[in-house]
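Knowing the structure of chain X, use the given hints to seat chain Y with the ligands on it.
Chains as they are written, first to last, in full-length UniProt numbering: chain X, 1 to 469; chain Y, 1 to 153.
If you are wondering where the hints come from, they were derived from the structure by calculation, not from laboratory data.
Even glycine gets a Cβ: it sits at the ideal position worked out from N, Cα and C.
Mixed in with the good hints, there may be bad ones.
Under the rule of at most 25 angstroms between Cα atoms (straight-line distance), these lysine-lysine pairs were calculated in the DSS-like manner [as the list claims (entries may be wrong)]: (1) X:K269 x Y:K66; (2) Y:K7 x X:K295; (3) Y:K149 x Y:K54; (4) X:K60 x Y:K7.
Cβ pair distances, simulated, as ranges [what the hints assert, rightly or not]: (5) Y:N32 x X:S43: 48 to 54 angstroms; (6) Y:R150 x X:S43: 50 to 56 angstroms; (7) Y:I117 x X:R72: 39 to 45 angstroms; (8) X:V74 x Y:R150: 55 to 61 angstroms.
Among chain Y residues calculated to face chain X with C-beta under 8 angstroms, some are [claimed, not checked]: (9) N18; (10) P64; (11) F65; (12) P101.
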Amino acid sequence: MEALPDSTDWLRTSLPLFAPLESSLRCEVCKEFYSNPVITTCSHTFCSLCVRRAISVDGKCPACKAACQADRLVPNFALREVVGRWVEAREAALELAMEGVGKGKVEGVEADISNAGMKKRKAGDMEVAGESGEEEGRRTRSRMTRSSSQRGKGVMDEPFEIKDSEDEGDAEFMPDGMVACPICSKHMKEEQVWGHLNNGSCPGEQQNPTGARSTRSRSQNHTFLAPSGRSSREVPAPARLPGINYSMMKEKDLKKKLQDLGIPAWGKKDLLIRRHTEWLHLWNSNCDASEDNRKSKRDLLRELDVWERTRGGRASATEPIVMRKDFDGKGHAEAHKSQFDELIAAARAKRGVPKAKEDNGDATTATPGEEPQHEAQQDAEDMPQPTEETETGVSTIRAQVAATDLEDAVQSPYIPEATPRETLVPTGGTADSDERGIQTPFGSPSKKLPMFALPEEPAVDVEHSASIP
Amino acid sequence: MSTGAKKRILREYAECQNDPLPGVKINFDEQNMTKWEILMDGPDQSVYAGGHYKLEINFPNEYPFKPPVVSFKTKIYHPNVSNDDKGSMCLGLLRPEEWKPPNKVISVLHLIRNLLIEPNPDDAIELSIANDYKTNRAEFDKTAKDWVKRYAK
Ligand SMILES: [Zn+2]
Ligand SMILES: [Zn+2]
Ligand SMILES: [Zn+2]
Numbered sequence: 001m002e003a004l005p006d007s008t009d010w011l012r013t014s015l016p017l018f019a020p021l022e023s024s025l026r027c028e029v030c031k032e033f034y035s036n037p038v039i040t041t042c043s044h045t046f047c048s049l050c051v052r053r054a055i056s057v058d059g060k061c062p063a064c065k066a067a068c069q070a071d072r073l074v075p076n077f078a079l080r081e082v083v084g085r086w087v088e089a090r091e092a093a094l095e096l097a098m099e100g101v102g103k104g105k106v107e108g109v110e111a112d113i114s115n116a117g118m119k120k121r122k123a124g125d126m127e128v129a130g131e132s133g134e135e136e137g138r139r140t141r142s143r144m145t146r147s148s149s150q151r152g153k154g155v156m157d158e159p160f161e162i163k164d165s166e167d168e169g170d171a172e173f174m175p176d177g178m179v180a181c182p183i184c185s186k187h188m189k190e191e192q193v194w195g196h197l198n199n200g201s202c203p204g205e206q207q208n209p210t211g212a213r214s215t216r217s218r219s220q221n222h223t224f225l226a227p228s229g230r231s232s233r234e235v236p237a238p239a240r241l242p243g244i245n246y247s248m249m250k251e252k253d254l255k256k257k258l259q260d261l262g263i264p265a266w267g268k269k270d271l272l273i274r275r276h277t278e279w280l281h282l283w284n285s286n287c288d289a290s291e292d293n294r295k296s297k298r299d300l301l302r303e304l305d306v307w308e309r310t311r312g313g314r315a316s317a318t319e320p321i322v323m324r325k326d327f328d329g330k331g332h333a334e335a336h337k338s339q340f341d342e343l344i345a346a347a348r349a350k351r352g353v354p355k356a357k358e359d360n361g362d363a364t365t366a367t368p369g370e371e372p373q374h375e376a377q378q379d380a381e382d383m384p385q386p387t388e389e390t391e392t393g394v395s396t397i398r399a400q401v402a403a404t405d406l407e408d409a410v411q412s413p414y415i416p417e418a419t420p421r422e423t424l425v426p427t428g429g430t431a432d433s434d435e436r437g438i439q440t441p442f443g444s445p446s447k448k449l450p451m452f453a454l455p456e457e458p459a460v461d462v463e464h465s466a467s468i469p
Numbered sequence: 001m002s003t004g005a006k007k008r009i010l011r012e013y014a015e016c017q018n019d020p021l022p023g024v025k026i027n028f029d030e031q032n033m034t035k036w037e038i039l040m041d042g043p044d045q046s047v048y049a050g051g052h053y054k055l056e057i058n059f060p061n062e063y064p065f066k067p068p069v070v071s072f073k074t075k076i077y078h079p080n081v082s083n084d085d086k087g088s089m090c091l092g093l094l095r096p097e098e099w100k101p102p103n104k105v106i107s108v109l110h111l112i113r114n115l116l117i118e119p120n121p122d123d124a125i126e127l128s129i130a131n132d133y134k135t136n137r138a139e140f141d142k143t144a145k146d147w148v149k150r151y152a153k
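The shape of chain X in the complex, shown without the other chains (with noise of 0.2 angstroms):
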């Protein structure tokens, strides 16, 4: 899978310019693509929950240490629908354009390309490291990875049909190539469950136990309707909530506003503190969410409660480990224990070895913090496998759902199996209306997708945004 996707990936593309624009659309507190993007009045832009984060640590801007405030952070809508535009469109864009440079540049062809089969359905530069021990390095890579794809399994030469009833009815079936979210369940190609978990579209663990067809990512609504019919479906963000002055507030009293808040009330004052001030980082961030983005209530109580068992009142003194291989059955927290299987098989498997570069070392020591403008050098003995990773990908993915599913049964314990699914925004919006077939970033209308219906209830939407003032 194409894990740890970096702006990097564009370097041994044909449009390495596109490394720096890529840049800019993460965010440099979590290196991750924008999520719910605020400008800072020092015009700075962050995730709405970072700059939050930050912002409770020390009353600064992370870039520049000006003074901040939480309310006065406003929602970078502009930039919110570019970084939204930019991670539907990048998978399909990365292939072109490392296609582009098979056509163009390619001087000559590697011999052991034809191992390339072996490794299909992989774009980005992971399926063949290892491969390749000439110290061509990247530019290697892509030629074999344009090769892998012209064999007809490259993510946009091979089209697929899916039929409703694939959704619903076995849920061990999928198309060739397709995995489930660990997290959401939703269907997606395997090399998207990365860039799916960490560009924000994945909507968090589902609750609904008719599975995937209701899980399909709500923030593909705006893409296959209108741009004109979405903003009369755009519902009011909830009200943000304010800030306390903790020092003023009795014990009780807190207690008190932390019920009516509708989260956990245990604990002594500084506890619930740090509960309250985590609870407005999660419910404020929310706010500045796209509404197809917008998490439940029950989702942010979720976060929270992982909160309180990382960070909080449940947390362990010593760290609790995070990377064992086997599920322990927690609970929601450790669902992301796969994650971080999958990243650091994916930050092994992309490292050079650190080995004393004569030609380069210029370029390594010269300007910490750019992104590196050469190529890395390779090491075949210290890369997996191509062939091993390929075939095990898969079917890893697949216990990894297995294994989420069987957490699902384990309710975490400040969440009330019987709470509805409660909604911050009028429901009747997106959530019920999402019928739709695979991430098709260029989605062709030759795909017989049903992506493409409308929304079965529009009329709830009308009526809803009409009765707005």
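Just chain Y with the ligands, lined up with the frame of chain X:
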């Protein structure tokens, strides 16, 4: 530590592996990724050439909102490294008040390596060593090289 923070640490590890510094090796323990063990060779052009230094980078729970903590596990005669069992290095972007969340570990590694090449006596933690460095460079070089032989081989 939040999921986001751990993801960022992993991302930074990948970045360091992608763009390795000469003579720097990172031992990354996936069981405990908030503590990196760094093996750094003394740069050739420095008095520490030939030495092999073990360092630790510890990421606080609040990372990246608080800076990583750097400590030398191998004894080193250096004005910017505390001459005690902690071996702490805390200057420049590593200072809590100077640290910015956008800063990256790879910049920290560059900083450490550059400080081995050129110590910063004006921002010293060991004042007497700094004084040595500034006023009696030959003596400083001699002691530093001596410590390389004694502790860093
Ligand atoms: Zn961020
Ligand atoms: Zn600023
Ligand atoms: Zn998902």
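Each hint tested on the structure:
no. : hint                               : verdict
1   : X:K269 x Y:K66                     : holds, 24 angstroms
2   : Y:K7 x X:K295                      : holds, 21 angstroms
3   : Y:K149 x Y:K54                     : holds, 15 angstroms
4   : X:K60 x Y:K7                       : holds, 23 angstroms
5   : Y:N32 x X:S43: 48 to 54 angstroms  : violated, 39 angstroms
6   : Y:R150 x X:S43: 50 to 56 angstroms : holds, 53 angstroms
7   : Y:I117 x X:R72: 39 to 45 angstroms : holds, 43 angstroms
8   : X:V74 x Y:R150: 55 to 61 angstroms : holds, 59 angstroms
9   : N18                                : holds, 5 angstroms
10  : P64                                : holds, 6 angstroms
11  : F65                                : holds, 4 angstroms
12  : P101                               : holds, 4 angstroms
Violated hint for the displayed structure: number 5, the only one.
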